[in-house]
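Asker: Below, each chain spelled out in residue letters.
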Amino acid sequence: SQTIHQWPATLVQPVGSPLSLECTVEGTSNPNLYWYRQAAGRGLQLLFYSVGIGQISSEVPQNLSASRPQDRQFILSSKKLLLSDSGFYLCAWSVGGAGETQYFGPGTRLLVL
Amino acid sequence: AQSVTQLGSHVSVSEGALVLLRCNYSSSVPPYLFWYVQYPNQGLQLLLKYTTGATLVKGINGFEAEFKKSETSFHLTEPSAHMSDAAEYFCAVSARGTASKLTFGTGTRLQVTL
Numbered sequence: 241s242q243t244i245h246q247w248p249a250t251l252v253q254p255v256g257s258p259l260s261l262e263c264t265v266e267g268t269s270n271p272n273l274y275w276y277r278q279a280a281g282r283g284l285q286l287l288f289y290s291v292g293i294g295q296i297s298s299e300v301p302q303n304l305s306a307s308r309p310q311d312r313q314f315i316l317s318s319k320k321l322l323l324s325d326s327g328f329y330l331c332a333w334s335v336g337g338a339g340e341t342q343y344f345g346p347g348t349r350l351l352v353l
Numbered sequence: 013a014q015s016v017t018q019l020g021s022h023v024s025v026s027e028g029a030l031v032l033l034r035c036n037y038s039s040s041v042p043p044y045l046f047w048y049v050q051y052p053n054q055g056l057q058l059l060l061k062y063t064t065g066a067t068l069v070k071g072i073n074g075f076e077a078e079f080k081k082s083e084t085s086f087h088l089t090e091p092s093a094h095m096s097d098a099a100e101y102f103c104a105v106s107a108r109g110t111a112s113k114l115t116f117g118t119g120t121r122l123q124v125t126l
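Those protein sequence lines, which keep their order, are chains A and B. Residues 241 to 353, numbered by this note's numbering, are exactly what the first sequence covers, in order. Residues 13 to 126, numbered by this note's numbering, are exactly what the second sequence covers, in order.
Isolated chain A, as found in the complex:
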């Protein structure tokens, strides 16, 4: 069966520090991978998605970047965190095209102080 892992579960970082959040998927090949951010009182916002190694699409301009160095690994990064980067970050995967279910990881709660 497929599983998705995210770490760390919780992170407290000072403003201006770098960030690296990791997501890995097991039990499937060539998944589509997604990063979402959930801010307090707001819905989920799609940040990045990837349909293959090295293929990253950015949905919104921001202080973050994403990379996919391996088929089942998706990394969210920042060189300098802002207060507004605080939130709950969720990774998800799917296979196939539109209409296919996305499966979400447990999330990383990031607090920037």
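One or more of the hints may lead you astray.
What the hints assert, rightly or not - In silico contact screen, one side only, chain B against chain A (beta carbon under 10 Å); selected entries:
no. : residue
1   : Arg-108
2   : Ser-112
3   : Gly-119
It should be emphasised that the hints constitute simulated quantities derived from the structure, not laboratory data. Just so you know, even glycine gets a beta-carbon here, dropped at the ideal spot from N, CA and C.
Position chain B against the provided structure of chain A, taking the given hints into account.
Answerer: Quick look at chain B alone, frame taken from chain A:
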């Protein structure tokens, strides 16, 4: 561009009562429609989805939703609320013919009281 509107950020029902969570979408063509549930400090879990075929879709935990094209709606219902249903519920859409990118509503927090 697509959008999703969930009316009511908070809904409170008594245990055993009907649950109705509203979702309306805006899209040039009927999209794929999803309902996800999120328990505290967890990721999202799919409740049900509509892609094609029968417009009344049944999901897990007794939930169901009906796609009404004329009303651009996909409301979620459960005949009898349980305490364990307390969570946040998200409606989402995905445009046809594209990668599976989801546009989410802002969510509805369901509270179930005794």
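Asker: Can the hint on Arg-108 of chain B be confirmed by a CB-to-CB distance to chain A that is less than 10 Å?
Answerer: holds (5 Å)
Asker: Regarding the hint that Gly-119 of chain B lies at the interface with chain A, is the smallest CB-CB distance below 10 Å?
Answerer: This hint holds: Gly-119 of chain B lies near chain A, its Cβ roughly 5 Å from the closest one there, short of 10 Å.
Asker: The hint names Ser-112 of chain B as touching chain A; please verify it with the least Cβ-Cβ distance against 10 Å.
Answerer: holds (5 Å)
When held up to the earlier numbered hints, the structure conflicts with none and fits them all.
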